[in-house]
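*Asks:* Join the two chains, each given in its own frame, into one complex according to the hints.
These protein sequence lines are chains A and B, in that order.
Using the working numbering, the first residue of the first sequence is number 1, and each one after it goes up by one.
Using the working numbering, the first residue of the second sequence is number 185, and each one after it goes up by one.
The hints are simulated quantities; they were obtained by calculation from the structure and are not laboratory data.
Honestly, I wouldn't trust all of these hints.
Which bits of chain B does chain A cover? Going by a derived footprint, with three or more residues having C-beta under 8 Å, they are [what the hints assert, rightly or not]:
| id | region |
| --- | --- |
| 1 | 259-270 |
| 2 | 286-298 |
| 3 | 304-315 |
| 4 | 318-332 |
Distance windows between CB atoms, simulated [stated by the list, open to error]:
| id | chain 1 | residue 1 | chain 2 | residue 2 | range |
| --- | --- | --- | --- | --- | --- |
| 5 | A | Phe72 | B | Ser340 | 46 to 52 Å |
| 6 | B | Glu395 | A | Leu28 | 44 to 50 Å |
| 7 | A | Phe73 | B | Glu426 | 50 to 56 Å |
Remember, predicted model here, so these are calculated numbers, not experimental data.
Every residue, glycine too, gets a C-beta built ideally from N, C-alpha and C.
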Amino acid sequence: MMRTLRDLFLFFQRDLRIAGTYRSPFILEAIEALFGAAMFYYVARFVDSPELRQALPQGNTYFAYSLVGFVFFDYLNAALDSFDRSLLEARDTGTLEPLLVTQVSLPVILAGSAVYPFAATTLRIAVYLGWGAILFHFPLGRANWIGVIAVLLATLLAFSGLGVLSAAYLLLFKRGNPAKWFLL
Amino acid sequence: MSNCDRQVIKSSVSVPCIVIDSLEKWFPPTYSGWRAFLQPFTAPSSPALRGISLEVAEGEAVALLGANGAGKTTLLRVLATLLLPTRGSAHVDGHDAVSNPAAVRRRIGYHAGRDLGFYSRLTGRQNLRFFGRLNHLSDATIEERTRVLGERFQLSEALDRQTRSLSSGTIQRLSLLRALLHQPKVLLLDEPTRSLDPIAALEFRRFLKTEVLAGHGTSLLFASHSLPEIELLADRVAILQEGALIAFDTPTRLRAKVGASSLEQVFFRLTGRPIPPDVEAHPA
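Just chain B, with the same shape it has in the complex (with noise of 0.2 Å):
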């Protein structure tokens, strides 16, 4: 039985995690000047999401993919109770993003794409001993995390230093040690590996395959536009465009789908965009 395979019938056995149902996001037109002031009360007529239906199931990961725009960051807003839905609901766990916010904020780690927070005059422990204690946390639940995490992400140094004067891609790492500090049921990461070189990139999808989803059965939906990532880590590919769900499935069957060798060409294919020679060229 192939990997595939056997995450096929995991995830058709196991409980669903995240419920999306017909997910609709409409925003309201962007004005300048005078105009501004009518914004909020502009009926919403600009589409992030259209009828998005999805579920991922416990310990499953769910990848985002898609072109700028496509509506992954709303979907993850939403679903992290940041954003209301215009129609439709979003489940976490059983509860409900709009009527109970309280609980899916009590399951969920969620890391920002941008605007990654963090107080700039405060070292990274002290942030991450607010933001813990915040999620209610005991102290030495969040020391003992920190100290574990931060020894796994290479964090240790940068710990007890201020964070303006850490590079972004400890920024970036600060912030995926926040989303994971308090165990979460259900990880919502919006491109997690962005700012990270290589090897802390390499090294931070190994820790979120073996110990994160292997090890404590965590749900993951991760929004990225690195294919090796979504290969790797991916169960299943959600792949949206301006806003609508265009396929769903797992990277061995959507490959069969389209006839194509590759995620990349899959992507190509499915959203109807000119396939570059060098990705068209690769051997099927």
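Bound-form chain A, shown alone (with noise of 0.2 Å):
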């Protein structure tokens, strides 16, 4: 179990340094989150009404649940996206076969590879988030976040299956990815 975790720990250690030698990323992402939570917040002024209020959960305001329904499809996209891309990146690169005669097992390399887009995402979420409340009034404080965080890693789960799938369909047709054509 502990060397599970830790070569897990090892592809994430990877991609965090293979992403740290690209020119400011988490400076634009960061950037980008700003221009995304305003985009919503905008959009949800442009078309907010009193008959939208009224179809949102009581107490909502149409940018809170367009900006929730964001970090829902966030998660989704990651997990569907994330295991075949990288297996994409490792035939592309030529790092598969390496991998694949190290001591190292599949199912775990395939779900190292998926640690650090994970991660990606989460924060790429909290800044988001973190936008939209200091900006923007995202009310953070009435969240459940024990909820948030259960349905969270219960989408992951659910999704991380389609996207192993996924990743299964690429390794026989080499391209395309049929999860997400139907859910996406």
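*Replies:* As structure tokens, then:
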């Protein structure tokens, strides 16, 4: 168990190091999140109406509703995309074979390759919500955080299965992500 | 007693480290367009290996010699657990490559002839550390082996540069270093000196001969098109043609069998190819 966790951490460390070699990757993502949150806010103001508010869960604004929807969608996207993208990258850069002849099993290689994208998604979402709370009155304080974490973990687990299926499809057919075609 | 005689005796009393028995590998036909969807479900029809049987003893070096497409790389990839054989079996140090690939991977060092596979934005050292840790080596061992082998392969300066800035020869040396990092019992090398300059190639062959083969008793199975390399390193030579093993013996015996004066002549005669005049004129 400890060895598996250590192996998973190695993949995370690898991807973090690679991300760190690009110029200001985290700053650009934070700025992108700012523009994203602002876009949700102004679109929400544009479409806001008493009828829409009535249709939403009680006490919610359309901005809060759409930002939470985006968070869910981003996790869904990460779960569906990470496995086959990491396989595709490894195949294209030629690192797949050297990985496959190490003492780490294929499930660990697949799971390890998804750790950084999931962590990066979490960070990106935290920045989105942070901007939303600081600048646009997103009601962070009213959230049920235990419920949020439980739902997001369940989302990741459920859709990761489809992500793994996509990776298997990619190995067989070399291109395409059928799970994404159906769900996104 | 000649060097070759000594090697024959050594291999006849040693335990086989690689055992390949009636190995066959067939690939499905390659399609394009809509028919490519059928490819994963199409019966394999294109033979890459046809009933190959051979053994490599502990500490023995065996060269795979053959024309392009003869099956050398496929054979190495089956042993490296990257391909499943269609029929037959391949064992490394007593472990079946199909039913127990993890045990096989613990014992092998593999250098691919193409797709040398490093993360281009990481330095050579970071790459080696990553792969070394995946082979469950301690950081201290990785550092020490990287230092020693890095000096030996003249990679000390290159180790701290991103691999995207390295030449193909340097990447090749880095890949060889990676294959040797965990001191494997069996080395599988596909054209190990292909991109190396003549001096680096010579030094690598000497290193393999004196330190890896003689020093550690590592078994070596390598594919090569370089006949001087085969002459220097190989105790025995396996000649492949269109996926079949057509000869397997020491270089001396192979030469004696066909009355040839060089491995080059042996290769031409056994594969039935017309011998170029300059090769034929080589004094017997």
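*Asks:* For every hint, state whether the structure bears it out.
*Replies:* Evaluation of the provided hints:
1. Against chain A, the region 259-270 of chain B contributes 3 residues with a C-beta closer than 8 Å to a partner C-beta. That satisfies the three-residue criterion, and the hint holds.
2. Here the region 286-298 of chain B counts 7 residues with a CB under 8 Å from a CB of chain A, which clears the bar of 3, and the coverage holds.
3. With a cut-off of 8 Å between beta carbons, the region 304-315 of chain B has 6 residues touching chain A; three or more are needed, and the interface restraint holds.
4. Here's how the region 318-332 of chain B fares: 3 of its residues keep a CB closer than 8 Å to some CB of chain A, so the rule of at least three is met and the hint holds.
5. Distance hint check for Phe72(A) and Ser340(B): the Cβ-Cβ separation is about 50 Å, which falls inside the suggested range of 46 to 52 Å.
6. For the pair Glu395(B) and Leu28(A), the supplied restraint of 44 to 50 Å holds, since their beta-carbon distance comes to about 48 Å.
7. Phe73(A) and Glu426(B) have their C-beta atoms about 54 Å apart, which keeps the hinted 50 to 56 Å range intact.
Checked against the numbered hints given earlier, this structure breaks none of them.
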